[in-house]
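Protein chains in written order, with the UniProt record's numbering: chain A, 1 to 472; chain B, 1 to 478.
I should point out that these hints are in silico values taken from the structure, not numbers from a laboratory.
All C-beta atoms, glycine included, are put in the ideal place defined by N, C-alpha and C.
Worth double-checking, as some hints may not be accurate.
Stated by the list, open to error - So, partial list: chain A residues that the calculated Cβ filter (under 7 Å) puts toward chain B:
#1 31
#2 38
#3 92
#4 390
#5 391
#6 394
#7 395
#8 432
#9 433
#10 441
#11 448
#12 451
#13 467
Stated by the list, open to error - Computed Cβ-Cβ distance ranges for the label pairs, DEER-style:
#14 154(A) - 297(B): 53 to 61 Å
#15 5(B) - 6(A): 55 to 63 Å
#16 474(B) - 4(A): 40 to 48 Å
#17 164(A) - 383(B): 22 to 30 Å
#18 263(B) - 22(A): 26 to 34 Å
#19 271(B) - 201(A): 46 to 54 Å
#20 273(A) - 466(B): 16 to 24 Å
#21 3(B) - 299(A): 55 to 63 Å
#22 321(B) - 173(A): 50 to 58 Å
#23 338(A) - 383(B): 54 to 62 Å
#24 25(B) - 311(A): 40 to 48 Å
#25 201(A) - 383(B): 38 to 46 Å
#26 476(B) - 446(A): 49 to 57 Å
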Amino acid sequence: MSTIATIPKIRDALRATFRSGLTHSIPWRQHQLYQLARMAQNERELICDALQKDLGKPKTEVLANELGSVIKRALKSAERLPEWVKAEHPEVIDRQKPWNPTIYKAPKGTVLIISPWNFPMMLSFQPLTGAIAAGCTVVLKPSELVPTFSQLLEEIVPKYLDPNAYRVVNGAIPETTKLLELQWDHIFYTGNGKVARIVASAAAKHLTPMTLELGGKSPVIIDSAYDIDLAAKRILWGKCHNAGQICVAPDYVLVQRDKQDELVRAFQKHYNAFFPKGALDSPSFGSIVSDSHYKRLTSLLSRTKGETVLKGRADAARKRLELTIVKDVAGGDSLLEEELFGPILPIVPVDSLDQAVDFVNARSHPLVLYAFSDNESVKQRLVSQTHSGGIVFNDTFQQLAVSELPFTGVGESGYGYQFMKYTYDTFTQLRSSIDMPKEAEANLAVRYLPHSEEAVKALTAAVYTPIPPSRS
Amino acid sequence: MASLKYTPKQQLTEIHSRLSQTFREGRTLPLGYRRKQLLQVARLVQENSDAIMASLKADLGRHPFEATLPELGPMVSSALHAVENLDKWNSPEKPQVEAWRSEWDTTIFKTPKGTVLSISPWNFPWVLTILPFIGAIAAGCTCLIKPSEHAQASAALLAKLIPQYLDPDAYAVCLGAVEETTHVLSLKWDHIFYTGSTSVGRIIAEAAAKQLTPVTLELGGQSPVFVDGDSTNIEIAAKRILWGKQQNAGQVCVAPNHVFVQEEHQSALVEAFRKAYDSFWPMGPLDSSSEMARVVNARHYERNKSLLSRTKGKVVIGGQTGQDLRIEPAIITGVKLDDPLMEEEIFGPILPIIPVANVDAAISHIQSGSTPLVIYVFTENEETKNKFVERTQSGQLILNETFAQVAVYEIPFGGQGQSGYGSYLGKYSFDAFTHQRGYINVPADARTEGFMQGRYPPYSAPALTFFSQALKAKIPDA
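Build the full structure now, drawing on both the sequences and the hints.
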C-alpha cells in the first residue's frame with residue numbers, strides 16, 4: 001500500500017519521465033504493450049486465483065472476458081499504432097494548401113486511471129492499453145474492494161511494465177482523495193455516478209478533461225413477436241455474468257403483459273439448464289463482492305412489491321446470492337430505484353411498445369438499451385426515440401466484443417469513448433498546426449493595415465456568398 | 001447607451017424547459033429542419049451586416065475590416081460549410097469488423113446530445129457565439145446562448161435577431177451577468193460549451209461536475225512566440241506577429257502574448273517591429289484616421305495602463321494612452337520572466353520581448369509555464385521546429401504565422417491543460433454536440449446460436465479451452 005506522502009512524488013516522477021521523452025518512441029510503446037500481453041498470459045493463474053478469491057469469479061469468465069480481450073487488444077493496438085500516430089493532413093481549400101495544415105497526435109501527458117472492482121482486469125488494462133499507446137505516463141488505481149487482485153497488480157505490473165512510466169497505487173478513500181488533489185492531464189474513471197461527481201469536482205479545479213464510464217439501469221425491451229425462448233436465454237446469460245455485477249448487465253425487462261408468464265417459464269427453463277444444481281455452489285456463477293453490497297441487494301429484495309417467481313437461495317457468510325426473478329414489478333418499486341448491479345431480474349409488464357418507450361424515456365439515459373425484435377420499424381423507432389450510450393438488438397453484452405464500436409455512456413451513464421482507437425484518442429491531444437510560407441506574403445498583403453476600400457471589399461466578399469434557397 | 005435588460009430567473013427556467021421539451025419531441029432531428037435553421041443563420045448575418053458592424057464598433061471600437069474578416073465572413077462561411085456537410089457528418093458509420101461478427105450490422109449512429117448551453121465572451125462576441133451554435137444546430141441539439149454582458153450592443157442585437165430568424169422553441173438567447181449565469185448553470189444540460197477565462201472555466205467545470213455534464217472549455221493563456229533570429233526572415237515575422245497582436249487591441253485568446261528571441265537578435269526584431277508599426281499606422285495608432293480597436297472597458301484599460309507603468313522592461317515603441325479607451329500597441333524589450341507583464345495573460349495591446357540565450361532556453365521557459373492555447377514559432381530550421389513539436393505541449397502549434405489557423409476548418413481549434421479541452425471548427429463543432437451511439441443486431445438464427453453455445457453455463461472444459469485461445473496468441477519478440 002502506498003502511503004499518502006509518496007503519492008505526489010510518484011506523480012512528479014511520472015511527469016518527469018513524460019517530459020524526458022521516454023514514452024515518445026513507437027517501438028518503445030509497442031514493447032510495453034507486448035509486455036502487458038505477456039503479463040496477462042504468464043500470470044493468468046495468479047490472476048484467476050485472485051479473482052476467484054475476491055469475487056468468486058468463474059475461471060471461464062476471467063479467461064474469456066477479461067484476459068482474452070486484454071491480450072488481444074494490447075496486441076492489436078501495438079499493430080495499429082504506427083497508423084494511429086501518423087499526423088493527419090486534412091484536405092483543405094486550394095488557397096490554404098500551401099499552409100501545410102497538419103494535425104499532430106500528441107500524448108496528453110501524465111494520466112490517472114481509476115478502475116472498479118467488477119471486471120478489474122479488463123477495466124484496468126483496457127484504458128491502460130490506450131494510454132500506453134498514446135504515449136502517456138500513468139497511475140493506475142485499482143479498487144480496494146478486490147484487495148487480492150489489487151495487491152497482485154502492485155507486484156506483477158512493475159515486473160513487466162516500465163515503472164518509470166507506469167505505477168500502480170493502491171489504497172482506499174484517503175489515497176484516492178490525495179490522488180484527486182493533484183493535477184493530471186486526463187482522468188479516466190469507471191464506476192458509479194455518485195463517486196463520478198466527486199471525481200469530476202476534483203478535476204474541475206485543475207481543468208482536467210475526463211472520461212466517465214458509469215452505469216445506470218440498462219433496460220431490455222422485448223417485442224412480443226420475437227422468439228421469447230431465445231430472448232430469455234440471451235438475457236439470462238448476460239444477467240448471470242459476474243452475478244449481474246456489470247455496468248452493461250440487463251437490469252430490468254419490459255415485456256407485453258400477455259407474454260409475461262411465457263417469459264418467466266423460459267427464464268426458469270434456461271436457468272435450470274445453466275445451473276442444474278442451482279447457482280449457489282456452482283463454479284459457473286460468481287459471488288457478491290462485499291458484505292455491504294450483499295446487504296444492499298437482499299434489502300432491495302425484501303422491499304419489492306412484485307411477485308417472486310424464482311427465489312434465489314442466499315448464503316451471507318460466503319456472499320453467495322442466487323438469481324431471483326420478480327414479475328409484475330411496477331414503477332416506484334424498490335427494484336427500480338437504483339442500478340441493481342446484482343442477481344435480481346425484475347420484469348415490468350407493459351401494454352404496448354409505446355408504454356415501454358415512455359417508461360425508458362422517463363428515466364435517466366442508460367449505458368445500453370437492449371431490445372429483442374426482428375421488426376424493422378420497431379427497431380427504427382427504438383433507435384430514433386430513445387437515448388442511450390449504445391443500443392443492442394437481440395443479444396446482451398456482446399457489444400463489448402466489438403472493438404470497432406465506441407463504448408460510452410450518455411447523460412447519467414457518463415461520457416467519453418473507449419475501445420481500441422477510441423481509447424488511444426481519449427489520451428491523445430489533437431495538436432493543430434500550419435506553416436505559412438514566406439512566399440504567401442504576396443497573397444496576405446491585403447490583410448495588413450491600413451485598409452483601402454478595395455481591400456475591404458475583396459476581403460469581405462465571403463460575407464456576401466450567395467445563400468442557397470431553403471427547400472420547402 | 002441603455003444597459004441590457006437581464007432575463008429573469010423564472011424565465012430562464014421556462015426557456016430551459018421549452019428547449020428540452022422541443023428536443024424530446026424530436027423537432028430538431030430531421031436534417032431538412034437543421035439545414036433550414038443553418039441557412040437562416042447565414043441570412044441573419046448577411047441581412048444585418050451593417051447593424052452587426054455597428055454593434056462591434058459600439059462595443060469594441062472595431063473597424064469594419066476587423067468586423068468582417070474575423071467575424072462576419074466566418075459566420076456565413078461556417079453556416080454554409082455545415083449545410084454542405086450536414087448529410088455526410090450525420091451519416092451512420094459502418095466500421096469494418098472481424099469476419100465472425102460480420103453479420104451483426106455493426107453501426108455507429110450520430111445522435112444529438114440533447115439540450116445544450118453555450119456561453120460566449122465579449123472579445124469576439126459574434127463569431128464566438130455563432131460558430132459553436134452552428135455545431136449545435138448541425139448536431140440536432142436545442143440550444144440556449146448566453147452572450148457576454150460586457151459586449152452590450154452585440155448581446156442586445158443577438159437577442160433581437162435570433163428569435164426573428166430561428167425557431168424560438170429550439171434556440172434562445174438569454175441575457176445576464178453572474179447571477180443569471182449561476183442560475184442557468186444549476187439547470188441540467190447535455191453539454192456546456194464555454195469560451196472565456198481560465199478562472200471562470202473552473203466555475204463552469206465545477207457546476208457541470210454536479211450533473212456529470214460533458215463540457216468544452218475554450219480558454220486562453222499566455223501564448224508564446226519564438227522568433228528564431230538565426231533562421232527566419234525577421235521582417236516578415238515582425239509584420240505577421242504585429243498584425244496578430246493588434247487585432248482587437250490584443251484581446252483575443254490566440255493573441256501572441258509575448259516574444260522570445262535570441263539576445264543578439266533583439267534589436268533587429270525591434271527595428272522590424274518599428275517598420276511594420278509605421279506601415280500599419282503612418283499617423284500613429286491613436287490618430288483619428290488610424291484603424292485601431294479599443295480596450296473593452298475602463299477596468300481593463302486601467303489594468304493595461306498599470307502594466308505599462310509597472311513593467312521593468314523598456315517601452316521602446318508605442319504605449320501612449322489616448323481617449324476612448326485606446327492604447328497604442330506597445331513593444332517592450334528586455335522583459336524577464338518575473339516581470340509584472342508575465343503574471344497572467346495580457347489580453348491587451350502590449351507585447352513583451354524576452355531575450356534568451358537560445359531556443360532551448362525559450363523551450364525551457366515555455367515548459368515551466370502552464371500549457372498555452374497556441375505556440376507560435378518563426379523558423380525555417382527543421383531541427384528547431386521538431387524541438388517544438390516534440391518537447392512542448394499546446395492546443396495548437398503554428399509556424400511562421402499568427403491567426404490564419406482559425407480559418408482552416410479542417411483542423412480542430414482547442415486548448416490543453418489550463419487552456420482548456422475539447423475543440424471546434426468545421427466537423428469538430430458538430431462532434432462536440434454529438435453522441436456516437438454504438439449499435440449491433442445479433443442474428444437469431446441457429447447457426448449464430450450454435451457458434452455461441454459455449455458461452456452459456458455450465459462452463460465446460462472444452463469451452464474453457466476454446467475461450468483460452470487468445471491466451472495462446474503469439475506475442476512478437478520486440
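Verification of the hints:
Annotation: residue 31(A) was flagged as interfacial toward chain B, and the flag holds, the nearest CB pair being 6 Å apart, inside 7 Å. Satisfaction of the interface hint for residue 38(A) is found here, the shortest Cβ-Cβ separation to chain B being roughly 6 Å, below the 7 Å cut-off. Because the smallest distance between the Cβ of residue 92(A) and any Cβ of chain B comes to about 5 Å, under 7 Å, the interface hint for this residue holds. Annotation: residue 390(A) was flagged as interfacial toward chain B, and the flag holds, the nearest CB pair being 4 Å apart, inside 7 Å.
Nearest Cβ of chain B to the Cβ of residue 391(A): about 5 Å, under the 7 Å cut. The hint holds. Restraint check, residue 394(A) versus chain B: the minimum CB separation of about 5 Å is within 7 Å; hint holds. Residue-level restraint check for residue 395(A) holds (minimum Cβ-Cβ distance to chain B is 4 Å; threshold 7 Å). Given hint, residue 432(A) at the interface with chain B, holds; its Cβ is 4 Å from that chain's nearest Cβ, closer than 7 Å.
Interface restraint check: residue 433(A) against chain B, minimum CB-CB distance 5 Å, threshold 7 Å, status holds. A distance limit of 7 Å between C-beta atoms decides the matter here; for residue 441(A) the minimum to chain B is near 6 Å, and the interface restraint holds. This hint holds: residue 448(A) has a C-beta 6 Å from the nearest C-beta of chain B, less than the 7 Å allowed. At about 5 Å, the closest approach between the beta carbon of residue 451(A) and any beta carbon in chain B falls short of 7 Å, and the interface hint on this residue holds.
Using the Cβ-Cβ criterion of 7 Å, the hint placing residue 467(A) at the interface with chain B is satisfied: the shortest such distance is roughly 5 Å. For the hinted restraint 53 to 61 Å between residue 154(A) and residue 297(B), the CB-CB distance of approximately 56 Å keeps it satisfied. Checked against the hint of 55 to 63 Å, the C-beta distance between residue 5(B) and residue 6(A) comes to roughly 56 Å, which is consistent with it. Range check, residue 474(B) to residue 4(A): about 43 Å between beta-carbon atoms, so the 40 to 48 Å window is met.
At roughly 27 Å, the beta-carbon separation of residue 164(A) and residue 383(B) lies within the given 22 to 30 Å, and the hint holds. Hint check: residue 263(B) to residue 22(A), Cβ distance near 32 Å, so the stated range 26 to 34 Å holds. Range check, residue 271(B) to residue 201(A): about 52 Å between beta-carbon atoms, so the 46 to 54 Å window is met. For the pair residue 273(A) and residue 466(B), the beta carbons lie near 19 Å from each other, so the given range of 16 to 24 Å is met.
Evaluation of the 55 to 63 Å hint for residue 3(B) and residue 299(A) yields a pass: the beta carbon distance comes to about 57 Å. The hinted range of 50 to 58 Å is satisfied by residue 321(B) and residue 173(A), whose Cβ atoms lie roughly 55 Å apart. The supplied range of 54 to 62 Å is met by residue 338(A) and residue 383(B), whose beta-carbon atoms lie about 58 Å from each other. A hinted range of 40 to 48 Å for the beta carbons of residue 25(B) and residue 311(A) is consistent with their spacing of about 43 Å.
Between residue 201(A) and residue 383(B) the Cβ separation comes to about 44 Å, which falls inside the hinted range of 38 to 46 Å. For residue 476(B) paired with residue 446(A), a C-beta distance near 56 Å keeps the hint of 49 to 57 Å intact.
Violated hints: none; the structure is consistent with every hint.
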